[in-house]
Amino acid sequence: MDSILFLILRRMRAPLITLIVTYAISVLGFTLMPGTDASGAPWQMSLFEAFYVVSYTATTIGFGEIPYTFSTAQRLWMTFSIYLTVIAWFYAIGKIIALVQDPALRQAITVARFARQVRNLHETFFIICGYGGTGSLLVEALDRKGIRSVVVEITQDRINELELLDVQTPIPALCADARLPDILLQAGIMHPLCGGVAALTDDDHANLAVAVAVKLINPELRVLCRAEYQETAANMASFGTDHIINPYELFGEHLAMEVHALGTYLLHEWLTGTPGSSLPSPACPPIGKWIVCGYGRFGKAVIRNLQREHMQTVVIEADPQLTGCEDCILGSGAEARTLREAGIEEAVGIVAGTDNDINNLSIVMTALELNPHLFVVVRKNKRHNAPLFRKFNADITMQPADIIAHACLEHLVTPLLAQFLSMARGQSNAWANQLIGQLVETVGEQVPETWRVTLSGELAPAVVNLLGHNRTVTLDTLTIDPANRSLKLPLVPLLLVREDESIILLPALTETLRIGDRIVFCGKPDAKSAQPLLLINRKVLSYVMEGIELPDGVVWRWISGRHRHTAP
Amino acid sequence: MTCGPDMLYTAAIFTCIEDPAMNLEKVVFGFFIVLAMTLNFGFFIGDLADPEFHHPYELFAAIVVNLIATVLKFGDRTQIGAIHLSTSLVADLQLITAAVVWAAAAGSMAEHGSIAPSTMVSIVSLSGGAFLANVTSVVLLIIETIMLRR
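Respectively, the protein sequence lines represent chains A and B. Residues 1 to 568 in my numbering are what the first sequence lists, from first letter to last. Residues 1 to 150 in my numbering are what the second sequence lists, from first letter to last.
Don't read these hints as lab results, they were simulated from the structure. Heads up, the beta-carbon is just placed ideally off N, CA and C, and yes, glycines get one too. Careful, some of the hints might be misleading.
Pair ranges (Cβ atoms, derived) [said to hold, decoys possible]: (1) B:47 x A:7: 41 to 51 angstroms; (2) A:117 x B:55: 52 to 62 angstroms; (3) A:71 x B:45: 47 to 57 angstroms.
Residues from chain B shown here face chain A by an in silico Cβ test under 8 angstroms; the list is partial [said to hold, decoys possible]: (4) 56; (5) 64; (6) 67; (7) 68; (8) 71; (9) 74; (10) 96; (11) 105; (12) 106.
Throw the hints in and build the complete structure from the sequences for me.
Encoded structure:
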């Protein structure tokens with residue numbers, strides 16, 4: 001910022017000096033030219049009057065000949081002045097305005113303003129590099145959850161889109177290359193309140209560069225990266241990237257989950273959804289022969305997972321050499337002939353996984369004509385084709401952006417949620433179904449809020465105080481409505497992590513609490529806002545536990561103390 | 001004959017001329033700064049209240065040269081450059097204020113004899129302040145030059 005400002009000042013010297021010199025010459029001349037006043041006596045302009053006349057001449061305002069009509073000599077000088085000063089004035093003003101509008105200066109000002117906005121953030125925020133399909137989904141979701149984000153994006157158009165977005169809190173955004181460490185520093189990776197960085201650009205190498213830069217500059221900061229190729233993912237892992245998200249692998253795993261553990265999949269989707277959306281309707285993929293069109297990274301991941309579930313797969317690929325497909329049918333899948341060759345009549349499901357949306361749609365249209373009972377899984381690449389896919393209403397529509405955004409939310413929003421979900425994946429489908437039933441009963445069908453409660457001195461003083469006096473406090477206490485102790489808050493405890501890192505999945509309400517516990521709750525937004533009262537306010541906590549109202553203030557406490565002494 | 005800064009600087013400039021790597025830009029810079037100071041001094045010196053001693057054209061010349069000197073000091077990133085610019089701005093401020101006071105108090109040049117002595121005193125004392133700022137600027141210039149020579 002400083003260097004460009006000084007450069008501008010230097011460049012302003014020539015125009016300004018021209019201006020000063022031409023003005024000086026004109027003013028001097030005017031004072032010297034002989035004139036006559038109203039009564040005919042000889043008169044010469046004073047310096048101030050000359051300056052006044054030259055001012056309105058140079059700026060082409062031209063009031064007139066003041067205070068007396070000019071003599072010939074004065075008019076001669078006036079003519080000379082006009083040509084001299086007007087040209088100098090236009091040159092100088094034009095040059096100065098052009099300098100102030102210098103693009104480098106404006107860029108420097110924009111960056112400085114962005115850095116100042118980031119510095120003034122007073123709450124936890126996340127840095128999101130790349131505002132494409134995934135970035136925009138994530139930013140919107142974070143905003144609806146009330147979490148601040150900072151965006152760095154390389155194309156100006158997308159930043160313009162972000163500016164037009166209707167958000168709860170302003171989002172500092174910068175149009176710059178996120179690979180540059182300077183930009184990352186200004187986006188706040190050294191800020192004490194930065195909660196993490198999500199590298200979500202569509203270029204794996206850019207994501208890698210971001211991960212490397214952040215891990216070297218601030219190793220403690222959490223980094224989530226999107227990686228579509230194994231080599232980049234391995235590279236990122238070697239630098240200690242916290243979470244590497246490969247959308248294709250994740251989708252493959254989700255598909256497998258849907259086949260054998262639908263309940264777990266539903267639980268997963270529901271807990272990581274954006275607040276306000278409802279439970280996804282279950283779509284259970286049938287077991288049998290599957291046709292997969294497209295053997296790219298997506299196709300490979302799907303096939304690997306389907307084969308793990310012991311499903312028979314047939315691959316149709318347009319370019320077997322490029323993708324390394326050994327045993328597949330040549331073709332794009334959009335022609336009926338190729339599909340028949342693959343055995344579409346006996347298949348139970350089809351996966352259209354090419355990277356072209358129109359191709360995918362035409363594949364499934366052709367397939368459905370040949371076999372109307374197919375289970376359709378279609379890959380959606382671009383967000384702007386959403387209306388087409390919505391109208392088509394396939395059984396499963398896979399969008400890489402959605403998957404990555406969900407995965408990011410899982411890791412960023414509630415840190416223990418990811419742990420809970422990975423433990424849930426290890427449980428049986430029946431367990432998941434039971435949990436969903438319990439959750440829907442308590443929380444309703446909308447996507448619930450998840451939050452973490454830490455029993456520490458600053459965050460839960462009332463509870464810690466009681467525990468410090470060796471009183472037992474059970475988990476049940478934290479689920480009671482602070483307004484009415486006979487009612488329960490609409491929330492469910494999902495995970496309890498003790499200070500010694502021992503974990504209890506779905507803790508029972510009779511579980512005793514200890515100082516330093518961390519509990520993940522899932523519930524309605526009102527529950528999330530009402531619960532802190534129990535943790536912080538001693539009066540509320542004692543009302544909820546014992547039903548007595550503790551007196552407030554020194555006077556009443558003294559009176560009630562005396563009462564207790566005098567009463568038998 | 002006033003001595004002091006002028007003589008010292010002239011000495012410095014002569015040593016400069018012998019140096020084959022003399023910088024034209026530095027000559028111009030030094031010229032305008034010293035000229036600003038000398039014109040300012042020329043206007044300032046003399047009986048404070050008597051208009052005979054203080055010619056308006058000299059004030060005009062002092063203002064013009066001071067403005068040019070200020071513009072020449074733009075864009076210098078060093079600490080000394082910043083102080084140079086600030087002293088110049090102070091001098092400009094004072095001189096322009098003096099000119100405004102004079103214009104407000106007087107009519108055309110023919111009337112300049114009828115300016116009240118108190119007004120003249122204000123004008124000249126303002127220019128005196130500007131003179132001190134210019135002296136500071138010249139002293140800084142000398143220090144800078146001597147440091148470079150070492």
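Hints, verified against the model:
Look at residue 47 (chain B) against residue 7 (chain A): about 47 angstroms separates their beta carbons, and that is inside 41 to 51 angstroms. A hinted range of 52 to 62 angstroms for the beta carbons of residue 117 (chain A) and residue 55 (chain B) is consistent with their spacing of about 56 angstroms. Checked against the hint of 47 to 57 angstroms, the pair residue 71 (chain A) and residue 45 (chain B) fails, with Cβ atoms roughly 35 angstroms apart. Restraint check, residue 56 (chain B) versus chain A: the minimum CB separation of about 5 angstroms is within 8 angstroms; hint holds.
Against a cut-off of 8 angstroms between C-beta atoms, the interface hint on residue 64 (chain B) holds, since the closest Cβ of chain A lies about 4 angstroms away. Given hint, residue 67 (chain B) at the interface with chain A, holds; its Cβ is 5 angstroms from that chain's nearest Cβ, closer than 8 angstroms. Taken as an interface hint, residue 68 (chain B) checks out: its beta carbon lies about 6 angstroms from the nearest beta carbon of chain A, inside 8 angstroms. A cut of 8 angstroms between beta carbons decides the hint on residue 71 (chain B): the least distance to chain A is about 5 angstroms, and the hint holds.
Taking 8 angstroms as the C-beta cut-off, the interface hint given for residue 74 (chain B) holds, the closest approach to chain A being about 4 angstroms. A distance limit of 8 angstroms between C-beta atoms decides the matter here; for residue 96 (chain B) the minimum to chain A is near 11 angstroms, and the interface restraint is violated. At a threshold of 8 angstroms, the smallest CB-CB gap from residue 105 (chain B) to chain A is about 10 angstroms, leaving the interface hint violated. Below 8 angstroms, beta-carbon pairs count as interface contacts, and residue 106 (chain B) has one with chain A at about 7 angstroms; its hint therefore holds.
Going through the hint list in order, the structure does not satisfy hints 3, 10 and 11.
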